[in-house]
Amino acid sequence: MNYQEPLFNTYVISASILILKVMGQGWITVYRMLKVKSGFRNPEDNNKGLCNPHPSGDQTLTNEYVERSRRMHSNDGENIPYFLVIGLLFILTSPPLWIAQIVLYGFVVARLCHFVAYITAQSHEVRATFFTIGSMAIMGMALYCLYFALLL
Amino acid sequence: MNYQEPLFNTYVISASILILKVMGQGWITVYRMLKVKSGFRNPEDNNKGLCNPHPSGDQTLTNEYVERSRRMHSNDGENIPYFLVIGLLFILTSPPLWIAQIVLYGFVVARLCHFVAYITAQSHEVRATFFTIGSMAIMGMALYCLYFALLL
Amino acid sequence: MNYQEPLFNTYVISASILILKVMGQGWITVYRMLKVKSGFRNPEDNNKGLCNPHPSGDQTLTNEYVERSRRMHSNDGENIPYFLVIGLLFILTSPPLWIAQIVLYGFVVARLCHFVAYITAQSHEVRATFFTIGSMAIMGMALYCLYFALLL
Numbered sequence: 001m002n003y004q005e006p007l008f009n010t011y012v013i014s015a016s017i018l019i020l021k022v023m024g025q026g027w028i029t030v031y032r033m034l035k036v037k038s039g040f041r042n043p044e045d046n047n048k049g050l051c052n053p054h055p056s057g058d059q060t061l062t063n064e065y066v067e068r069s070r071r072m073h074s075n076d077g078e079n080i081p082y083f084l085v086i087g088l089l090f091i092l093t094s095p096p097l098w099i100a101q102i103v104l105y106g107f108v109v110a111r112l113c114h115f116v117a118y119i120t121a122q123s124h125e126v127r128a129t130f131f132t133i134g135s136m137a138i139m140g141m142a143l144y145c146l147y148f149a150l151l152l
Numbered sequence: 001m002n003y004q005e006p007l008f009n010t011y012v013i014s015a016s017i018l019i020l021k022v023m024g025q026g027w028i029t030v031y032r033m034l035k036v037k038s039g040f041r042n043p044e045d046n047n048k049g050l051c052n053p054h055p056s057g058d059q060t061l062t063n064e065y066v067e068r069s070r071r072m073h074s075n076d077g078e079n080i081p082y083f084l085v086i087g088l089l090f091i092l093t094s095p096p097l098w099i100a101q102i103v104l105y106g107f108v109v110a111r112l113c114h115f116v117a118y119i120t121a122q123s124h125e126v127r128a129t130f131f132t133i134g135s136m137a138i139m140g141m142a143l144y145c146l147y148f149a150l151l152l
Numbered sequence: 001m002n003y004q005e006p007l008f009n010t011y012v013i014s015a016s017i018l019i020l021k022v023m024g025q026g027w028i029t030v031y032r033m034l035k036v037k038s039g040f041r042n043p044e045d046n047n048k049g050l051c052n053p054h055p056s057g058d059q060t061l062t063n064e065y066v067e068r069s070r071r072m073h074s075n076d077g078e079n080i081p082y083f084l085v086i087g088l089l090f091i092l093t094s095p096p097l098w099i100a101q102i103v104l105y106g107f108v109v110a111r112l113c114h115f116v117a118y119i120t121a122q123s124h125e126v127r128a129t130f131f132t133i134g135s136m137a138i139m140g141m142a143l144y145c146l147y148f149a150l151l152l
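Protein sequence lines correspond, in order, to chains A, B and C.
Under my numbering, the letters of the first sequence match residues 1 to 152, in that order.
Under my numbering, the letters of the second sequence match residues 1 to 152, in that order.
Under my numbering, the letters of the third sequence match residues 1 to 152, in that order.
I should point out that these hints are in silico values taken from the structure, not numbers from a laboratory.
Hints may be right or wrong, so weigh each one.
Identical chains share a label here; the pair holds if one copy fits it or two copies do between them.
[To be verified] Here are the simulated EDC-like cross-link-like pairs (lysine to aspartate or glutamate), alpha carbons at most 20 Å apart as the crow flies: (1) 35 <-> 67; (2) 48 <-> 125; (3) 35 <-> 58; (4) 21 <-> 78; (5) 37 <-> 125; (6) 48 <-> 58; (7) 35 <-> 64; (8) 37 <-> 58; (9) 35 <-> 125; (10) 21 <-> 67.
Keep in mind it's a predicted model, so treat the numbers as computed, not measured.
Kindly generate the complete structure, drawing on both the sequences and the hints.
Have a look at this one:
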């Protein structure tokens, strides 16, 4: 676990990109709320303020444009935190570097494709395919780490 | 933090099982959605496709059978990620192995019991008991690590 | 990564406090549900039991007092798990201790201020300010770790 180690570096690059992605999703939600001036969630968000100079009083109504970003954020939250842990435990098993790169960078690419498919409202099947690749990567690493820990 | 170390191995075994559990919860939601052909969340999921050969147009209505699995997933998300971090920080304090095994495997067992109690709709009290055991394990480890870090 | 190392200690102190905070948010939700005897989420929670000696049958209705705590918990879940990972990767780059303390303890203070602003229903702007500080800390560390990993 130091930055001179290529396996650890592969993990850090993947983890940093994913964390920027998921934090960015929160900002996409903020951008969308401010753009449509709707989809807020707290009663006090209906009040006049810098974020809301001309309140209409019903800005806490659900807005599909905003909700889509929230669902994407929620889906990230069901995948990325677990990847961040199991990815680290996986590289600590010292796998060949190219395998680690395929699995970790593959997960990053699958999630970025999932992002594009979700935000452009592609079919359920397209979105599910990228979700499945990511989910399989996490579960595969978990099974491998479990096997590795039980074996030793 | 290497797989030859029994404390670290205890952590990896717990973490891997929990990550498989929470990822599996996502797949239970998928299974339930496809079984009842309902409880989808995106407008485009109403469209015809491989996952949805005979769309009825109202498949994004909320479905309690599906929602239960989502609530279980959400409850996992409020517990497991924090365990995954504090469990690692806890074993790095080098506690006696048997204590680490009781706390870490105890958490895993409590969450698996919570899963069974939740999916079979046991009483609030039964479900809350297993939730409480898990929550206390996390908070206990957090207090211990905080104490340990402040002491040194 | 050992407790004799001031950088690691800074991380452990921040992480432990944040984990206690987010677990505590779950208990605030429980407290609020039991106080107003409402805002439960499962059909079986309407049944008579130790937690619910006098069921009224409609205790799964949404309750704003309870929902506020759930939204706070959800906001924590969109920030704290990512901090817990990137904070560790950041201190492994061996930054000067005072910088690590500003960023990590700064994040903790920003989230505690966010908690106070949220639970007392301060304006959207006040809450958003503390959210933004925390979000910037996470994204700044992610960019720094990415740069550091790519550079080496």
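Results for each hint:
1. 35 <-> 67: within (13 Å within a copy, 25 Å between copies)
2. 48 <-> 125: between (42 Å within a copy, 10 Å between copies)
3. 35 <-> 58: Classified as within; 15 Å inside a copy, 29 Å across copies.
4. 21 <-> 78: both (14 Å within a copy, 12 Å between copies)
5. 37 <-> 125: Answer is between; shortest inter-copy Cα gap is 14 Å, intra-copy 32 Å.
6. 48 <-> 58: Result: close within a single copy only, 12 Å intra versus 34 Å inter.
7. 35 <-> 64: within (13 Å within a copy, 26 Å between copies)
8. 37 <-> 58: Answer is within; shortest intra-copy Cα gap is 10 Å, inter-copy 28 Å.
9. 35 <-> 125: Result: close only across copies, 16 Å inter versus 30 Å intra.
10. 21 <-> 67: Within. Shortest intra-copy distance 17 Å satisfies the 20 Å Cα cut-off; inter-copy 27 Å does not.
The structure shown violates none of the earlier numbered hints.
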